[in-house]
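Colleague: One-letter residues, chain by chain:
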Amino acid sequence: MSVELRGITKSFGALVANDGIDLRVETGEIHAILGENGAGKSTLMNILYGLLSPDSGQILVDEKPIIISEPSDALAAGIGMVHQHFMLIPVFTVAENIVLGHEKVNGFGVLDLEKARSEIARISKEFNFDVDPDAVVETLPVGIQQRVEVIRALIYNAKVLILDEPTAVLTPQETDELLQVMKNLKKQGTSIIFITHKLREVQEAADRITIIRRGKIVGTALPTASQEDLASQMVGRPVDLTMNKSPAKIGKTLLEISNLTVTDSTGRELIHDISLDVHAGEIVAVAGVQGNGQTEFARAILNLEEHVSGSILVDGKDILGETVRGSLHSGIAFIPESRELDGLIGSFSIAENLILDTFDLAPNAKGLLMSPNTVTNEAVKRITEFDIRSQGANELVSSLSGGNKQKVVLARELSRPVKIVVASQPTRGLDVGSIEFVHEKIVQERDAGRAVLLFSTELDEVFALADRIAVMYRGTIIDIVPATISRSDLGLLMAGVKPKVSS
Amino acid sequence: MNKVSKLTPIQKRRQRGAFSLLFLSFASLIGFGILQKNTAPVTYKFVLEKEWIAINEWTLDSRTGSYGFSCAALIFAIWAIFQFRRNKKIQLQSALGGFAILMAFLCWAASGKMIPFTGLLQGALLLSVPLIFGAMAGVLCERSGVINIAIEGQLLAGAFAAGVVASLTQNTTWGLIVAPLAGALISLILAVFAIKFSIDQVILGFVINVLVIGMTNFLYKKLLIPYQNTWNSGPILSPIEIPILSKIPLLGPIFFNQTIIVYLMYLIVAVIHLSLFKTRWGLRTRAVGEHPTAADSVGIKVNNLRFRNVIFAGLVAGLGGAYFTVGAVGAFGKEMTAGKGFIALAALIFGRWSPLGAVMAALLFGFADNLQGILSITGTPIPSEFMLMAPYIATIIAVTGFVGRVRAPAADGIPYNRGGSH
Ligand SMILES: Nc1ncnc2c1ncn2[C@@H]1O[C@H](COP(=O)(O)OP(=O)(O)O)[C@@H](O)[C@H]1O
Ligand SMILES: [Mg+2]
Numbered sequence: 000m001s002v003e004l005r006g007i008t009k010s011f012g013a014l015v016a017n018d019g020i021d022l023r024v025e026t027g028e029i030h031a032i033l034g035e036n037g038a039g040k041s042t043l044m045n046i047l048y049g050l051l052s053p054d055s056g057q058i059l060v061d062e063k064p065i066i067i068s069e070p071s072d073a074l075a076a077g078i079g080m081v082h083q084h085f086m087l088i089p090v091f092t093v094a095e096n097i098v099l100g101h102e103k104v105n106g107f108g109v110l111d112l113e114k115a116r117s118e119i120a121r122i123s124k125e126f127n128f129d130v131d132p133d134a135v136v137e138t139l140p141v142g143i144q145q146r147v148e149v150i151r152a153l154i155y156n157a158k159v160l161i162l163d164e165p166t167a168v169l170t171p172q173e174t175d176e177l178l179q180v181m182k183n184l185k186k187q188g189t190s191i192i193f194i195t196h197k198l199r200e201v202q203e204a205a206d207r208i209t210i211i212r213r214g215k216i217v218g219t220a221l222p223t224a225s226q227e228d229l230a231s232q233m234v235g236r237p238v239d240l241t242m243n244k245s246p247a248k249i250g251k252t253l254l255e256i257s258n259l260t261v262t263d264s265t266g267r268e269l270i271h272d273i274s275l276d277v278h279a280g281e282i283v284a285v286a287g288v289q290g291n292g293q294t295e296f297a298r299a300i301l302n303l304e305e306h307v308s309g310s311i312l313v314d315g316k317d318i319l320g321e322t323v324r325g326s327l328h329s330g331i332a333f334i335p336e337s338r339e340l341d342g343l344i345g346s347f348s349i350a351e352n353l354i355l356d357t358f359d360l361a362p363n364a365k366g367l368l369m370s371p372n373t374v375t376n377e378a379v380k381r382i383t384e385f386d387i388r389s390q391g392a393n394e395l396v397s398s399l400s401g402g403n404k405q406k407v408v409l410a411r412e413l414s415r416p417v418k419i420v421v422a423s424q425p426t427r428g429l430d431v432g433s434i435e436f437v438h439e440k441i442v443q444e445r446d447a448g449r450a451v452l453l454f455s456t457e458l459d460e461v462f463a464l465a466d467r468i469a470v471m472y473r474g475t476i477i478d479i480v481p482a483t484i485s486r487s488d489l490g491l492l493m494a495g496v497k498p499k500v501s502s
Numbered sequence: 000m001n002k003v004s005k006l007t008p009i010q011k012r013r014q015r016g017a018f019s020l021l022f023l024s025f026a027s028l029i030g031f032g033i034l035q036k037n038t039a040p041v042t043y044k045f046v047l048e049k050e051w052i053a054i055n056e057w058t059l060d061s062r063t064g065s066y067g068f069s070c071a072a073l074i075f076a077i078w079a080i081f082q083f084r085r086n087k088k089i090q091l092q093s094a095l096g097g098f099a100i101l102m103a104f105l106c107w108a109a110s111g112k113m114i115p116f117t118g119l120l121q122g123a124l125l126l127s128v129p130l131i132f133g134a135m136a137g138v139l140c141e142r143s144g145v146i147n148i149a150i151e152g153q154l155l156a157g158a159f160a161a162g163v164v165a166s167l168t169q170n171t172t173w174g175l176i177v178a179p180l181a182g183a184l185i186s187l188i189l190a191v192f193a194i195k196f197s198i199d200q201v202i203l204g205f206v207i208n209v210l211v212i213g214m215t216n217f218l219y220k221k222l223l224i225p226y227q228n229t230w231n232s233g234p235i236l237s238p239i240e241i242p243i244l245s246k247i248p249l250l251g252p253i254f255f256n257q258t259i260i261v262y263l264m265y266l267i268v269a270v271i272h273l274s275l276f277k278t279r280w281g282l283r284t285r286a287v288g289e290h291p292t293a294a295d296s297v298g299i300k301v302n303n304l305r306f307r308n309v310i311f312a313g314l315v316a317g318l319g320g321a322y323f324t325v326g327a328v329g330a331f332g333k334e335m336t337a338g339k340g341f342i343a344l345a346a347l348i349f350g351r352w353s354p355l356g357a358v359m360a361a362l363l364f365g366f367a368d369n370l371q372g373i374l375s376i377t378g379t380p381i382p383s384e385f386m387l388m389a390p391y392i393a394t395i396i397a398v399t400g401f402v403g404r405v406r407a408p409a410a411d412g413i414p415y416n417r418g419g420s421h
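Residue numbers (numbering that gives the first Met the number 0), protein chains in the order written: chain A, 0 to 502; chain B, 0 to 421.
Keep in mind that the hints were calculated from the coordinates and are not lab data.
Only a predicted model underlies this, so the values are computations on that prediction, with no experimental measurement involved.
One or more of the hints may lead you astray.
[Said to hold, decoys possible] Computed Cβ-Cβ distance ranges for the label pairs, DEER-style:
no., chain 1, residue 1, chain 2, residue 2, range
1, A, E137, B, K333, 47 to 53 Å
2, A, E203, B, I202, 52 to 58 Å
3, A, F347, B, S197, 27 to 33 Å
4, B, A409, A, A361, 45 to 51 Å
5, A, G290, B, L91, 34 to 40 Å
6, B, Y265, A, T322, 55 to 61 Å
[Stated by the list, open to error] To list a few chain B residues with every Cβ distance to chain A over 12 Å, as calculated:
no., residue
7, Q10
8, I80
9, G111
10, L250
11, W280
12, A409
[Claimed, not checked] Mimicking PhoX-like on lysine-lysine, the simulated pairs with C-alpha atoms at most 20 Å apart in a straight line are:
no., chain 1, residue 1, chain 2, residue 2
13, A, K182, A, K158
14, B, K300, A, K103
15, A, K185, A, K158
16, A, K316, A, K380
17, B, K220, B, K333
18, B, K88, B, K11
19, B, K277, A, K103
20, A, K186, A, K124
21, A, K114, B, K277
From the three backbone atoms N, C-alpha and C, an ideal C-beta is built for every residue, glycine too.
All chains should be modelled from the sequences, with the hints used to inform the complete structure.
Modeller: And the structure:
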């Protein structure tokens, strides 16, 4: 089945998320759509799936125009979708989730899940998925949840399968398996629209590539195109994907975490018995698939979590139980996972955001009063130093782009006298240029003798920056390995498998 | 820093439940047994009418009774602790223990008096009826993701409509037909504003209650009082005895000699409970209450389903309202629902948003209410204000042991608009 989108335009208020997009997906091809975060990929797919209605444009299936105003129209036309944020009911079983919307009932009106169970078993067997139809979805790992979504689309006979950033939540091994599944589906004649911003996956699986930038199609490519070429089309200027850094000059231990355990308010353990040392002059990357406790670990170091036991020594002094402010002033720079939510106050100016943690200390304040001139002058210096593209120190942070917001966070955190830098997913959602900048800054901090603890779910980032890698899996650090580990071994660790002999 | 405990939340709750029971058993042994000065006999009267085997009455020495039941409670408490140690459920033990403590309490409180035991239970059921109807309306709304604070208003509207129409037509059947419609009308307001216009559902429900109370008060004063003979003197339903079933000792007269409203209630509870967990409608309803975006993505019309369920809820609550007038006293009284709608809401939560759970909770509340009523008539050593409190305290303790994970439907109270999130 082929699908064609013609002139699709969709705006959210003033923002044009899709701008006259033409796209054609042929029968039995894997068509990759490549674009940075916010390029408009999900919007386009939600339109094709009937979850959003376009402002203008047309959809054709097998050359015939059709109207898709509801997901049920899309399903009926043979279009299935695996969503970026899973569309499963967490408290339902796999079978219940799969029949939802297409339930079979017996003569008494009672749900009949038997057919679904056998279908799940059949597809599980065919694709070598190991899915228990009676497991409750919220108890399953995300990789399996995704398979449930794939199974659902297949059971409904999807001839065109949309996969929206399916690999974001997967380990490298799971990613490989998924790519294999996609290839098998293709052999059976299913067309696949594969959305991602990871170049490696595109090169491996796609037949054709369409690149979207800021809501517009900016080009098409074949998987034989080089990574640099794809990246520069995605970003709109030439990029250099390699990172140069000198060998680490390791100093004394600056951050010493022992037996750190964090629970939630009901007593469930979120992270369990973590011990980790970070030395001056090295970058330790905490790698792992999203949602394995990295968030809580990072927050616990800043005393942002409530139920914590163990110890956190900063240059020999235990800061566990300190206030957040006390933790920051003990010498930690913190780059939080969500800059909008935790890193900045959008309705404050750049200058104000730069002094959030030092507004009451000299030279920003004199006694009870703030010194606005000093604050502004300092801000102007930071803006040049960190290359924050803005209209000046008094511009509101909410109007900055993602990359420049992150630079404000960096400028604030790295301008204090710190010994340790804790950076949580510091490049998530940034454009390539900003990623380069953040990476350079992090390496500079290391070379200036600070201990850097970097949390990242992106393997490329981990390998580009780390001197040592600590792998998190289900709330614990299952191993700490040198950065020379192979990609596949690291992938296994991220999936919780310890290779028998580590080289 | 909190010290990390090794127990899971469920185990903790069981631990709390078992030890509360132990503590209460001791308190009961000391308070009702050891400190008991009265030894006058207490009489439990069972017979109501014509059961097959008439257990007439049962007389026992009040102090012996208190001792005996308190000791039984202790044994159940210890059993519960063993169960907890072996990591097993303590529901049965809590129920038995709670019952034993209650009996010990009765032996103490009604010393030298008579307790109409069957009547106590029968009255309890009757007081629970509006709570159960209300809670079912709550289940229908909240399981599909709409918070219903307006149960009170729906009950009141149903009571009013049933009373007035039955009075005008001098026919209870018309009352029973109109009451659900009145409830549904109130639901319509809730549905339109909550679902179509995404108004805050708690505030909306509150406003609806004020509206219905105001309207009925106004009509009551201007219409029902001046023209009482035509407008407010409706007939009442008479009980229907179910052949064989009503003759079962103890249970028969309680459950099977009731008005049509109560039989409809049994039916509604059974249908809602089974449908919610076994049918297509139930699966979809729970889906839109948990994760509407996911339900939408498989082609379920989220807001249509919510709309329909809210209207169903109004029908159910409205019928429950009829119980106040045609089901009990006939005439409508100002604000006669007296907060039952809110207690129904509490029953819904204590019952963990499950229909049967809510029924249990409602029965417990009804029993507490009736016990308090009966004891304040027979006269007890303690002030009736405390009597009013005690059963609820017991309920809360029971709930800590009984109720597992208390979790509202994830999307309860959150309006759904497609494309609102991305
Ligand atoms: N429902 C919405 N309301 C407002 N803006 C939205 C909505 N959905 C997406 N956007 C905006 O549209 C742009 C494209 O988003 P999206 O399609 O999710 O990008 P991608 O999937 O390529 O990362 C982003 O700037 C995003 O913030
Ligand atoms: Mg997206």
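Colleague: Which of the listed hints are broken here?
Modeller: The structure breaks hints 7, 11, 12, 16; every other hint is satisfied.
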